[in-house]
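Enquirer: One letter stands for each residue in the lines below.
2 protein chains.
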Amino acid sequence: MLTRGIYTLPRAPRSQLRSVLCTSKRRLASCIQTPKVNQDRLWKDIHYTCQWGKGERWGKGENETGMSRLSLSDSDRMSRDWFVETTKSLNCNVQVDAMGNTFAVRKGRQQGPPTCAGSHLDTQPTGGRYDGILGVCAGVEMLRVLQEENIDHEYPTLSNINEEGARFPISMVSSGVWAGQIPLEKAHNLQEVGGGKQTMRQELQRIGYLGTLEANYEAMPIGAHFELHIEQGPRLEARNHKIGIVQGVQAYRWHTITVKGRDCHTGTTDFANRSDAMLTAAKMILHSHRLATKHACLASTGILTLSPGSTNTVPGTVRFSLDIRGGEDDRLMGLENQLKTDFHKIAHNEAVDDLNEGGTIGRGCTVEWVLDAPSKAIKFDKDCIQCVQDSAKELFGDEHESLTQTMISGAGHDSVFTSHRVPTSMIFVPCKDGVSHNPMEYCSPEDCANGAQVLMNAVLRYDKLRAERAG
Amino acid sequence: MLTRGIYTLPRAPRSQLRSVLCTSKRRLASCIQTPKVNQDRLWKDIHYTCQWGKGERWGKGENETGMSRLSLSDSDRMSRDWFVETTKSLNCNVQVDAMGNTFAVRKGRQQGPPTCAGSHLDTQPTGGRYDGILGVCAGVEMLRVLQEENIDHEYPTLSNINEEGARFPISMVSSGVWAGQIPLEKAHNLQEVGGGKQTMRQELQRIGYLGTLEANYEAMPIGAHFELHIEQGPRLEARNHKIGIVQGVQAYRWHTITVKGRDCHTGTTDFANRSDAMLTAAKMILHSHRLATKHACLASTGILTLSPGSTNTVPGTVRFSLDIRGGEDDRLMGLENQLKTDFHKIAHNEAVDDLNEGGTIGRGCTVEWVLDAPSKAIKFDKDCIQCVQDSAKELFGDEHESLTQTMISGAGHDSVFTSHRVPTSMIFVPCKDGVSHNPMEYCSPEDCANGAQVLMNAVLRYDKLRAERAG
Numbered sequence: 001m002l003t004r005g006i007y008t009l010p011r012a013p014r015s016q017l018r019s020v021l022c023t024s025k026r027r028l029a030s031c032i033q034t035p036k037v038n039q040d041r042l043w044k045d046i047h048y049t050c051q052w053g054k055g056e057r058w059g060k061g062e063n064e065t066g067m068s069r070l071s072l073s074d075s076d077r078m079s080r081d082w083f084v085e086t087t088k089s090l091n092c093n094v095q096v097d098a099m100g101n102t103f104a105v106r107k108g109r110q111q112g113p114p115t116c117a118g119s120h121l122d123t124q125p126t127g128g129r130y131d132g133i134l135g136v137c138a139g140v141e142m143l144r145v146l147q148e149e150n151i152d153h154e155y156p157t158l159s160n161i162n163e164e165g166a167r168f169p170i171s172m173v174s175s176g177v178w179a180g181q182i183p184l185e186k187a188h189n190l191q192e193v194g195g196g197k198q199t200m201r202q203e204l205q206r207i208g209y210l211g212t213l214e215a216n217y218e219a220m221p222i223g224a225h226f227e228l229h230i231e232q233g234p235r236l237e238a239r240n241h242k243i244g245i246v247q248g249v250q251a252y253r254w255h256t257i258t259v260k261g262r263d264c265h266t267g268t269t270d271f272a273n274r275s276d277a278m279l280t281a282a283k284m285i286l287h288s289h290r291l292a293t294k295h296a297c298l299a300s301t302g303i304l305t306l307s308p309g310s311t312n313t314v315p316g317t318v319r320f321s322l323d324i325r326g327g328e329d330d331r332l333m334g335l336e337n338q339l340k341t342d343f344h345k346i347a348h349n350e351a352v353d354d355l356n357e358g359g360t361i362g363r364g365c366t367v368e369w370v371l372d373a374p375s376k377a378i379k380f381d382k383d384c385i386q387c388v389q390d391s392a393k394e395l396f397g398d399e400h401e402s403l404t405q406t407m408i409s410g411a412g413h414d415s416v417f418t419s420h421r422v423p424t425s426m427i428f429v430p431c432k433d434g435v436s437h438n439p440m441e442y443c444s445p446e447d448c449a450n451g452a453q454v455l456m457n458a459v460l461r462y463d464k465l466r467a468e469r470a471g
Numbered sequence: 001m002l003t004r005g006i007y008t009l010p011r012a013p014r015s016q017l018r019s020v021l022c023t024s025k026r027r028l029a030s031c032i033q034t035p036k037v038n039q040d041r042l043w044k045d046i047h048y049t050c051q052w053g054k055g056e057r058w059g060k061g062e063n064e065t066g067m068s069r070l071s072l073s074d075s076d077r078m079s080r081d082w083f084v085e086t087t088k089s090l091n092c093n094v095q096v097d098a099m100g101n102t103f104a105v106r107k108g109r110q111q112g113p114p115t116c117a118g119s120h121l122d123t124q125p126t127g128g129r130y131d132g133i134l135g136v137c138a139g140v141e142m143l144r145v146l147q148e149e150n151i152d153h154e155y156p157t158l159s160n161i162n163e164e165g166a167r168f169p170i171s172m173v174s175s176g177v178w179a180g181q182i183p184l185e186k187a188h189n190l191q192e193v194g195g196g197k198q199t200m201r202q203e204l205q206r207i208g209y210l211g212t213l214e215a216n217y218e219a220m221p222i223g224a225h226f227e228l229h230i231e232q233g234p235r236l237e238a239r240n241h242k243i244g245i246v247q248g249v250q251a252y253r254w255h256t257i258t259v260k261g262r263d264c265h266t267g268t269t270d271f272a273n274r275s276d277a278m279l280t281a282a283k284m285i286l287h288s289h290r291l292a293t294k295h296a297c298l299a300s301t302g303i304l305t306l307s308p309g310s311t312n313t314v315p316g317t318v319r320f321s322l323d324i325r326g327g328e329d330d331r332l333m334g335l336e337n338q339l340k341t342d343f344h345k346i347a348h349n350e351a352v353d354d355l356n357e358g359g360t361i362g363r364g365c366t367v368e369w370v371l372d373a374p375s376k377a378i379k380f381d382k383d384c385i386q387c388v389q390d391s392a393k394e395l396f397g398d399e400h401e402s403l404t405q406t407m408i409s410g411a412g413h414d415s416v417f418t419s420h421r422v423p424t425s426m427i428f429v430p431c432k433d434g435v436s437h438n439p440m441e442y443c444s445p446e447d448c449a450n451g452a453q454v455l456m457n458a459v460l461r462y463d464k465l466r467a468e469r470a471g
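If you're matching them up, the sequences are chains A and B in order.
Position 121, counted from 1, in the first sequence is what the working numbering calls 121; the numbers after and before it change by one each time, with no gaps.
Position 387, counted from 1, in the second sequence is what the working numbering calls 387; the numbers after and before it change by one each time, with no gaps.
No wet-lab data here; the hints were simulated from the structure.
In this text, all values refer to a predicted model and were calculated from it rather than measured experimentally.
A few of these clues could be false.
[Claimed, not checked] Computed Cβ-Cβ distance ranges for the label pairs, DEER-style:
1) A:ASN63 / B:ALA351: 39 to 47 Å
2) A:ALA296 / B:THR341: 30 to 38 Å
3) A:HIS47 / B:HIS344: 39 to 47 Å
4) B:ALA272 / A:GLN198: 39 to 47 Å
5) B:LEU371 / A:MET333: 40 to 48 Å
6) A:ASP372 / B:THR341: 33 to 41 Å
7) B:GLY397 / A:GLY364: 33 to 41 Å
Where a beta carbon is used, it is the ideal one built from N, C-alpha and C, also for glycine.
Construct the complete structure from the given sequences, taking the supplied hints into account.
Expert: Right, dumping it as structure tokens:
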């Protein structure tokens, strides 16, 4: 049980501090009294839950397999069952809404919407053991510590599961419905990608997670949302930082670009008589990269298909994805508008830098854009960010500046949707080589625990802040 | 029946000449006595045989469907049966070899290997009504005219069928075996592309075209090979030319290029930390086009696949076909060697023109080349070319210079293989918009007849030349 009071342990030198972080039984010097997460227990929870939906083996170690736990699959059901049973045993009241969002609430001293730590348990088809899973297990670890140490908090505290969205064709769809950003019916009727016939509603029902609670922020209000996640990129590791204090999520816009030329024989058609859709697409992809660099944005092509697809036929049609991202909406739209102008010019043999030079001018192509998914830039809540920052300071002491970095999330998360309705922010921890959505995804036990520690501290700080403000 | 003698019709003005070309009953001014092909009969043969293996409909007209008559299919068998029955009825001796090459020989006054007009009856899966079919039907028309007009030629004359090769994974495989360039066993064991289990030998046997004649230029020698074919490109049409006098076939080399980088998340990985295989491939494709222009060669990418293929994942692997072609072997190898040096540099962020400029230097990729199919440049036989040229002159009179063009074939044909063993050349006729390997492929009745006329005249000229040389 926690004895309240200011700890006055002398500041440990860095090497010692690390060992402190690795052992859960000792408490760190701190400006507020907080308990310590149990690193070993957290690590065990993460890998215990990974028995359901094991993916590709990539090493010989016990934990060296990836994950393939698609949303609403049988393995997903088993991991959800574990979450429900575990949180119930920790005296939580568990509720499931009509989108399968699962809320495990621990009572506080006061009435009011709970302060939440949440993420998702489902994975990519060839995913790893940390994306989402770490955030949920850290929430469970928070509940375990609160229970074990018998901590009183002001408002109810909540750990929950949202949805990753690799199986049905909208990402974070369950938090999106909760936030009123996606209609329930549309979400329920989503069919599996890859040819399956089941709808989301059918699968929710089949696995027993079509809850009776309305999937809505008004039916199930929360006070704030904190999400711990692996960074899924290389920036923390590159600078040997331990915690990313996430300020928001960059805007992105996903497009499908179709370039149409004309099929012709590669041997019999000279360059001047071609409408080469592949060559034109190659120029566009290179240009999108250069222009994104100029605008301090990102541009990526992850899908490209061409037709008819024969070595000796110049492709008449190329279709490619263009994912552009930027920290600010205006900057991103500036990039997009310039790309639209320039792609048209590239297709019509007009000058864009030197792209149409040095080769042979052909007959030109046409280009069409279809916007598949727009997402505006998100700025997280200042108070939430401050709580994360203070918690990192508490954990790292004087070294906090050299061990943390403020950053923008490059990827979307459930927190994007929650931020539409409640104060939200995120905590990032490093993942090895920045690798994610890959069986080899890895986050060290120490980094997992650091993240869980900052998560719990931030939830408790925000809880305290709410009480202070309520007077 | 042909009345021999020099025709002395006054030269027709061009517009009138055209109408002369369009009617088969009249004879054109000529320096040697040659009969006239029957345009209507040829046109009927072409479209009669297209009842077997009808493809996609692209227009409302009777003949406005494409062809899908894969080699050794049931529809291919029916068209082969037609060829055998028709040529037998024209007093030909028909022999089939172990690769299904079918030889219909009309006796000449002298013993000796026959002078041949040949092409193929099978088509691409989404092919048209003229590629190959025109050449075979023109050979049959030649036999019809010789029979009808009771023409005596010196050496036996032959019309034959080789093989296109869209179903089994080597093009022109049957003429390749005949020419001793492809081992019989290898050809017999070829399995269908696209997952079918049948071998070529099994299918030859099934449709009754596994002949007893040895598939070899020594077992079935021929004296020369002429092939009429649609151009499959736009050059004749662009200059309003009617006959292409083909000098040879350009060299080509087909490669598969594999670029390897690393999968990463499009949102969370900045440009500097990427190994973007798609961006790298785009630079290579653009560079191959520019460098081919400089070397007066061709370069084309008709297949590109990437992995893993998700909008928000930067592809770690891109594999693309690179088909390079040129009129001379040395020039083509010069291009290839420069591309190998430059692709390596592009992948490793070294300067190649400005390709790696204007963007962000990432972590680099690797690049691997695999040579799939090399084919050296072919120069056709001078005497055969001269016979084609003289025949065109005979057909067009004074206008022949403005109606013909000498050209190199961009595509491979059975004539590439026959040219290894016997004097060979080809005759091209225009096809609409240069379109081929497409249901909409079109060659006008007049152009078909012009080509068939030049083919027959060239065969008879070469027959005469052989006799003169034999003394």
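Enquirer: Hint by hint, note whether the structure agrees.
Expert: Each hint, compared with the structure:
no., hint, result
1, A:ASN63 / B:ALA351: 39 to 47 Å, "44 Å, holds"
2, A:ALA296 / B:THR341: 30 to 38 Å, "33 Å, holds"
3, A:HIS47 / B:HIS344: 39 to 47 Å, "42 Å, holds"
4, B:ALA272 / A:GLN198: 39 to 47 Å, "42 Å, holds"
5, B:LEU371 / A:MET333: 40 to 48 Å, "46 Å, holds"
6, A:ASP372 / B:THR341: 33 to 41 Å, "39 Å, holds"
7, B:GLY397 / A:GLY364: 33 to 41 Å, "39 Å, holds"
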